[in-house]
Amino acid sequence: MSKLVLRRIDRNNEEMLVNFGPQHPSTHGVLNFLVETDGEVMRRAIPDIGYLHRSLEKIGEIVGYPGYMPYTDRIDYLAAMFANEGYAIAVEKLIKVEVPKRAQYLRAISCELNRIASHLVSIGTMATDIGAVTPLVYALREREAINDLIEALCGARLTYNYHRIGGVAFDMPEGWRDKVLHFLERFESLIQEWDRLITWNEIYLKRLGGVAVITREQAIDYGLVGPNLRGSGVDWDVRRDVPYGAYPDFKFDVPVGRGWAGTVGDAFDRYYVRVLEMAQSCRIARQALEKLPDGETMAKVPRRIKPEAGEVMSRVESARGELAYYVVSDGTERAYRVRARTGSFLAMGIIEDISSGLMIADLIALIASLDVVAPETDR
Amino acid sequence: MPTSPSEYVGNIRDTVKSFWHGMSITLSQVLRRPITVQYPDRTSVPVQDLLPARYRGFLEVDAAICTGCQACERACPISCIQILLEKDAANPKQRVVSQFDIDEAKCMFCGLCVEPCPTGAIQHTREFEATQRSIRNLVFRWADPLHPFPVYKVQKDAPYFPRAPLGSLVREILSRRSWDANGPAYLPPEPLKPPPPPAPKPAAAAKPPAPAGAKPAAAATPAPKPAAAAAPPSADKPADPPPSPGSGEPKP
Amino acid sequence: MTTNEIHERLRAQFGDAVGPLSEPKVDPFATVQAARIVEVCRWLKDTPGVEIDFCEDLTAVDWPKRNAIEIVYHLFSYKHRHGIVLKVEADRAKPVVPTLEGVWKAANWMEREVYDLFGVTFSGHPDLRRVMLPDDWVGHPLRKDYQEAGGFHGIPNLRENPLVELRRLDEVRLAEEAKRNPPPPPPAPAAPKAPAAAPPAASGGGAPPAPQNPPPAPKA
Amino acid sequence: MPSKFSFAFPRPNTRRILFFSSLAAVFVIPVALFGLLVVYLPFIQKDVFFTFVRETLHRDPDSWAGTQWLYGAALLVAGLLLFTFASVSGGIFSWYERRVAGRIQSRIGPNRVGAGGFFQWVADAVKLLFKEDLVPAEADSLLFRAAPYFVVAGMTLTLVALPFGQSVIVADLNVGIFYILAVTSLIVVGILLSGWSSNSKWALFGGMRSAAQVISYEVPSGLAIMTPVLMAGTLSMQGIIRAQGGWPWQWFISRNPAAFVAFFILFISQLAEANRTPFDLPEAESELVAGYMSEYSGFRFALYFLVEWANLWIISAIAVSLFLGGWQVPGLEDQDWAALRGAGSFPPVAWWFWQLLSVGVFAAKTMVLVTVVIWIRWTLPRIRVDQMMNLCWKYLVPAGFGAMLFTLLWQIAVSKARIVQDISGGVLFVLFVYAVFRFFVLTRKNISRVVGDRVDLTNW
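Chains as they are written, first to last, in my numbering: chain H, 275 to 653; chain E, 59 to 310; chain Z, -4 to 215; chain F, 7 to 466.
What the hints contain is simulated information worked out from the structure, not anything from laboratory work.
Fair warning: there could be bad hints in the mix.
Here are the computed lysine-lysine pairs in the DSSO-like style, where the Cα-Cα straight-line distance is at most 30 Å [as the list claims (entries may be wrong)]: (1) 574(H) <-> 211(E); (2) 370(H) <-> 139(Z); (3) 139(Z) <-> 60(Z); (4) 100(Z) <-> 370(H); (5) 580(H) <-> 40(Z); (6) 174(Z) <-> 82(Z); (7) 367(H) <-> 139(Z); (8) 370(H) <-> 20(Z); (9) 74(Z) <-> 367(H); (10) 100(Z) <-> 574(H); (11) 139(Z) <-> 580(H); (12) 40(Z) <-> 375(H); (13) 453(H) <-> 451(F); (14) 370(H) <-> 174(Z); (15) 100(Z) <-> 580(H); (16) 82(Z) <-> 367(H); (17) 75(E) <-> 207(F); (18) 20(Z) <-> 174(Z); (19) 367(H) <-> 174(Z); (20) 580(H) <-> 174(Z); (21) 367(H) <-> 60(Z); (22) 174(Z) <-> 151(E); (23) 367(H) <-> 20(Z); (24) 100(Z) <-> 40(Z); (25) 451(F) <-> 75(E); (26) 525(H) <-> 74(Z); (27) 574(H) <-> 214(E).
Restraint ranges, calculated between C-beta atoms of paired labels, are given here [to be verified]: (28) 564(H) <-> 89(E): 32 to 42 Å; (29) 466(F) <-> 607(H): 56 to 66 Å; (30) 414(H) <-> 373(F): 24 to 34 Å.
In this text, a Cβ means the ideal position worked out from N, Cα and C, and glycines have one as well.
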């Protein structure tokens, strides 16, 4: 933490400065919070990020368009499929390529499976941060099933590199479709079990109800996106409101925070919106599998991609909110500027103003409910 | 805080009900089968066979059907493949590959090199067990500089390319090397030559404009491929090598 | 309400402070003078018909040829589902742009990131310090002319490239091999001996100009 | 060649004698200690000891000065025996908890070191002994080193008054339960010391939280203990157990509805005093890294873990002794025990067997409760500090008072008509059995609710 920050904290009062992180069990990766506490109650938590900054935007300018695809996985390795899709859509807009229908459906299926896996990690770590270790193991056990499915599809468990500019790398292996349908059927019954185990647990409700409330205006003003935004009652989902890819063909509803545990926009709402979203993802994946059209999975794309000079912004509804890719091209084979605006980065911005008056245990609940992960924040 | 008695009793009832359900679920888990796969020794079949066919493990190059087209070298975003073609001393018509190295330590197993390969010589295998004490052992060398292999000529009507069974060559390389062998001793880094006279266009300009992962031109430049900083070899300005501080290279 | 209609209303309101809408090479944008950007944004946020309440993205692009750093604002409205892209040009040597932190709180952290990676100072920003890099970092990485420092506080982040080193070892072995049994006289002196075949064994360091690049001969 | 020996994969060429001897030692020690305790402890009961002095040493126990010294030495040996047995059983409980927790989390738990991973705790203990035992730089080194021994002392002292069997108890104090309550607060002193002296903010947080928690939970546990004391009329642990019968409807928990409530109050507050989830605030992994134990490593860390698992046994033993009829063997009344004891100075061999049976009954009941505590730990989330205080002062203390008042009235009613006691015993027992049945039906349904799951006890 820098001297500039310390200057902002007046040292005469006898509050304790605690460094929460960067090696701390519940800061979801390498994040650091300088916390001013007076005993249990915090006056302020100043976030400090950058421990996992790999300058992926600079790499975008060095590596060619197709070569950057594996790097988009590294922006958020828990939900890598969305970053792939976002970048692919952006470059497809630049070179004006129409992706075949089958590839769009395969993208939707792989993304929804990845959303379930990412939400499982989020609600699992949330349960652990509140103290219950077993739900995390159940969540990771289900995520293991998804990892195996996606590994059969594209060969990797975390950094998929499955989408390509103009389509998808591989088609569905045979027998995969029934495996996914069986998994979806089993998973929907597991969500109910999960709810009975932890969601309606009285201690859980008391620990998350009315904690770290973010009002609707604050959420929009601070630019929160995804489940954090919907948890505060804003009914906005990029898949439905600014549709892309194959999503116009699917019917699904968007869960919005309704104050199940007291107030709208508290930590429980953001958590329960993710649980409901997993059920919707199952619906979408099932519809996509049933209506999967035939056809090839890759459009005609020149071997050396040289888009004409211009810029484009593509929006994708990632597991952690709206992931926006801003690509500027100057006619050469390498992008002139690649910018990925992620949900976690903005969610970090709100922590300092929301955290005054919280207790330490609630700061952990706040961080877990915002589902902030270090790679997405630092890029 | 609970003020009304009904809320007071309600809290107790909810607590008891939710604990009742929660405890019964955890007990029901005790009666189900744990999902642990007892790697490494108590699995029904070696773990490699449990993995799906498209698993992206170590790369394997079948020298018999490699046409030396360097498509994989160009496709790799972090340029961890290096191929060197030469004229065969015996008959100049035949080109030979004298160096085909893949730095598996830096490879991120993204699979971009497998796609453009015309004959499918380079493939991902399902091997993943290759821990080495020294990172220098993780460079797999598929061509012996002393006996470079001839380049494969693709017959027009070849129905398929005769390929060694997937994974066999990698397993053979791994078995040859014990895990704690120390790596090859590199030569000391070369003293920095003064930058070449600016007049003639340096050799870099003549090199094929490799679209992906342009290699640093000057030999002396310690190619900055820091796995840690993950910034791939920044395309040095062809004019002058970056002012690397001092030798900039840790002594081997 | 499409981007063009927003742009017309902007032009009507602020005259030439708002530049012409660029011809749509995929996404159109409008350039705004740096001085008036705060007014324009507040107007965009407060006018009933427009109500752009979500500052979707705030980033910068470095144009060394035009000696300018462009600050790009992607603005979007949840209510009306429309948005516009604004740009502000700032001089590359000393880029100073007024902050939008007052209009949208989301801009706070994004401006700090642009300050950190591009060096654009936002006047009026409450807490302008580097967000990602350590505070005593020199230089702004996302600028085009940024030179990698090769390490930080004396910790080098360079590692010798095993491929290059192994090749140099091969050449030494090839040289010894060549010395031990001289290669047969070439049958037809058609092609000049490939330089690699007889590397200058003497000067250990004198590696051929581009060892790890394919020698120019092969493509012949 | 680096040696390839590892506990998990013993190579054939390892010297087998070393291997099997360590296995034998580690298996024999707990059994030997247990047997020794069961045989030795009855000896130091007041009456047996005096007859021993009178007959074998031909001295008059009251006048001879040596009896005090001899009794002191005997107690010292008993204390050492008990402490070794407690630490060994602490280790065994750590293995038991990890296996149960594994099974709950649908994984296997330790199963490589020894059969079923039984000697995992030996491996852990040996590892912790070899680990570097560092003291932080600016830590208050004297207090830092002393803190674990306070906690171990607190744990060992409570064992002295715990009744394992009919006459298998180190010191049958007539203020038994009162003494136990007093001594457990020594653990708080240890935790506070460690929290303060490790000069780390996390430890300080952990220490403060633990002080608040354990002290504020001693009030409801004291109140809950009042109920069995009132029903039994004595503070001595053996007295309370003797006042209960062997059959479940004769236990205190079912003889008085208020005692049923008091049992749960005692159970919850004992959980809080032993820092077990949902009250593991002092060493909350996800908030305070490791709470008061953050700076400890090596042997001192092993001491804290030893105490935590031994505490697991102690809180269950107290609850079993007070409410679930302790070592009472169903069907054996007091006069049966006297008959078995017979007149002679040296109890007949059959008597030892019955002692062993009573200890077995006590151990079985305690293991059930220990399993419930472990099961709770791996199910419930953690409570927040202010909610913990709120639960204590707004729910447990009023309920404790209510239970005590009800017991007073209940005792009057019982003294008038003894039948009331049996009615309540029968009713509560039937209610309890029905609840357990409903619970298992629900558990069976939980398994079938998930598509593709079924009862499958393979893959150990």
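Structure versus earlier hints, numbers of those that do not hold, lowest first: 4, 5, 6, 10, 12, 14, 15, 17, 18, 19 and 20
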